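**Q** Guided by the hints, dock chain H onto chain W, whose structure is given.
Chains as they are written, first to last, in our numbering: chain W, 131 to 478; chain H, 32 to 376.
Wrong hints could be hidden among the right ones.
A short, non-exhaustive set of chain H residues, derived as facing chain W with CB atoms under 8 Å [as the list claims (entries may be wrong)]: (1) P177; (2) I192; (3) F351; (4) F352.
The following label-pair restraints were derived from C-beta to C-beta distances [as the list claims (entries may be wrong)]: (5) W:I443 to H:I219: 50 to 56 Å; (6) H:N375 to W:I443: 55 to 61 Å; (7) W:T288 to H:F70: 27 to 33 Å; (8) W:I443 to H:F210: 41 to 47 Å; (9) H:S154 to W:A329: 52 to 58 Å; (10) H:V173 to W:A254: 37 to 43 Å.
Because the hints were derived from the structure by calculation, they are not lab data.
From a predicted model like this one, the values you see are computed outputs, not experimental measurements.
We put the CB at the ideal spot given by N, CA and C, even for glycine.
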Amino acid sequence: MPNFREIVTRNEFLVLMTIIVLSIIISFINPQAFLTLANLFRILRSSIVIGIFAMGVLIVLISGGIDVSFPAIAVFALYSTVAIMFNLGIQDALLAIFPETTAYLLGFIVALLLGALIGMILGAINAFFIAQFNLPTLIVTLGTLNAFRGFLLFFVGTLIFREEIPQGMVELSRTNLLSISPPEQRTANLNISILILLAVTVLVWFLLRYTMLGRAIYAIGGDREAAARAGFNIRRTQYFIYIFVGILAGIGGIVFGSLGRQANPFDIVGTELDVIAAVVLGGASISGGRGTVIGTLLGVLLITLVSSSLVVIGIPSEFQKVVVGALIIIGVAIPAVQNRRAVTPQAT
Amino acid sequence: MASAETPQVKKDTTFNFTELVLSKEGDVLRLSIIVVLLFALFSVLRSDTFPTVGNMRSMVFQASEIGILALGVSLTMLTGGIDLSINATANLVGILAGTILTAMIPEGAGTGQIAFALVVALSVGTLTGLVCGLFNGFLVAVVGIPAILATLGTLILYEGIGTAITNGASVFAQEALSFVGNGDVIGIPVPLILLLAATGVLTFILNRTRFGFEVYLLGTNPLAAKFSGIDNTMVLIKTYALSGLLSALAGIVVLGRINAASVDFGGSYVLLAVLIAVLGGIDPYGGSGRLLGVLLALIALQFLSTGLNMVLFQLSGANFFKEFAWGLLLLLVLLLNFYIAKRNT
Chain W
131 MPNFREIVTR
141 NEFLVLMTII
151 VLSIIISFIN
161 PQAFLTLANL
171 FRILRSSIVI
181 GIFAMGVLIV
191 LISGGIDVSF
201 PAIAVFALYS
211 TVAIMFNLGI
221 QDALLAIFPE
231 TTAYLLGFIV
241 ALLLGALIGM
251 ILGAINAFFI
261 AQFNLPTLIV
271 TLGTLNAFRG
281 FLLFFVGTLI
291 FREEIPQGMV
301 ELSRTNLLSI
311 SPPEQRTANL
321 NISILILLAV
331 TVLVWFLLRY
341 TMLGRAIYAI
351 GGDREAAARA
361 GFNIRRTQYF
371 IYIFVGILAG
381 IGGIVFGSLG
391 RQANPFDIVG
401 TELDVIAAVV
411 LGGASISGGR
421 GTVIGTLLGV
431 LLITLVSSSL
441 VVIGIPSEFQ
451 KVVVGALIII
461 GVAIPAVQNR
471 RAVTPQAT
Chain H
32 MASAETPQVK
42 KDTTFNFTEL
52 VLSKEGDVLR
62 LSIIVVLLFA
72 LFSVLRSDTF
82 PTVGNMRSMV
92 FQASEIGILA
102 LGVSLTMLTG
112 GIDLSINATA
122 NLVGILAGTI
132 LTAMIPEGAG
142 TGQIAFALVV
152 ALSVGTLTGL
162 VCGLFNGFLV
172 AVVGIPAILA
182 TLGTLILYEG
192 IGTAITNGAS
202 VFAQEALSFV
212 GNGDVIGIPV
222 PLILLLAATG
232 VLTFILNRTR
242 FGFEVYLLGT
252 NPLAAKFSGI
262 DNTMVLIKTY
272 ALSGLLSALA
282 GIVVLGRINA
292 ASVDFGGSYV
302 LLAVLIAVLG
312 GIDPYGGSGR
322 LLGVLLALIA
332 LQFLSTGLNM
342 VLFQLSGANF
352 FKEFAWGLLL
362 LLVLLLNFYI
372 AKRNT
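One chain only, chain W, in its complex shape (with noise of 0.2 Å):
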């Protein structure tokens, strides 16, 4: 057992203290709007589509890269898997042979696969570059977001898809896990895709805990050299790491697409320092070999309540951003001074 020290100077403590100091200046101040069990799980939906996001930049960050194409990747993956499946009449196929429920279920899932098959391939490109070259990271990612926009912007579409979405994603955005209706208040709703965050959660959770892979991702994050040293197999690490981010990347993208039920080429791309942020407020380091589930859990539920809570209480929305990037500092400070280092540390 950690003695109680350590407990309260890990990250994880100091961001769930802030979550819930926030929470109680928030409740205080706008009890009506804030402590209702449909604004929980309206925070809670909108942050499954982070969440999804942030459990891939996790893995990146551990392994001492960083990743700002996966926005590019989610949203090239939705657009073309519905401009795809809309083409083929996929959906219209599948309502051809099965019962409708069936059919809409097996549309979602076509959906999410072709989704994930995109990212994966894009992720790959990633993977390519990174790990048969061994060249910088965040510059590589940087180039590629804005190849794979570019490519889907010039010669995939421009046109917003509405009608064309499949059923079986609009589907999603009506299926509730829990429908709660509290006598004299709206109905809290919470969505059933929060199922797939949970799921993806569980994966890197398992992969960074229970697997070699796992201490192969940790290990070249602490110490590349030592790690090749080890044994440890850094190419093919690190071209796992990178088309795992491409297939969580998909996956978000479809997810957002269907709680959203459209399919917006211009969307997405932007919420990458969002997404990072809440993982590096969840105590991951970009220099590498230290982050958590949890604490990314933490961040990304820290940052959704800072974005959608701030108007709550009456602070302008001219000003989330400066309490986003404000925490965002603190959030990266505290860690860096704790574990300050002789060297001058610069990430690359």
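**A** Chain H in isolation, oriented as in the chain W frame:
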């Protein structure tokens, strides 16, 4: 490693052009060839519009502000870091300077009043850039946050401050500042003069001063720099402060050119600045690269952007092809540099 022990001396006295182009010192030559080739290509494809004085002038105005930002990124990259907050800083400077000008110059103000307002606005702008840069330097060097994260955080923070001041709307400047963005001195656009002056001063600093030497040494090996008596903390703080000052200059040029400032301006400038720095031969891991290369990379990229626009202008979404081409170019340059580095070891 093996070749270091058994040096393969290939002192060929005959002049070998391919050898020179592909050598480690050939980066400036390579870039010059790319610039000439791009110019020739687009001059042939769009002989009516590309090789004209008017087009060259409009390209200069577009390229100068990005060039100034690219200098800031290059400097921080030389130390092995990066400054992603350049554009946010530039916009914040533009917003503050614009707000001051609007507040201090009422309608029908006299020349003296305008001059005084200009001095105040420019001083506050410069000071803002300096403070933003110093804060970045403090976070990177004193607190010890990795440069990517520190400047990502300040990017959001500075943008947030700008949004809080303006409510996200545009701030307008005054005619008084237009000279900086649109003016001419003996036929040379002022932004170009500012870019060249900044490049000149920085080249002098990097090549001829103790600080410049320290920047390169710190970028090559921070530990060795520390043990040779260099105050790494101070060098880093100064580097990020310089980057902040350059951002302020870019912000003022933009404010003068488009007569407005907002937090949304120049969304792709960060990528472009990084692209130009890497294309120009600045090593992202720090320690090597020359600003002359950065300048050539800027010209190459501007030719490519304008040229592609002219060739593709009938197609819908030509802008997005440019985005695609930039990304691809960055990756290709990384690969090329990889092979050249490998060839020369």
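**Q** Hint by hint, where does the structure go against what was stated? Just the numbers, ascending.
**A** none
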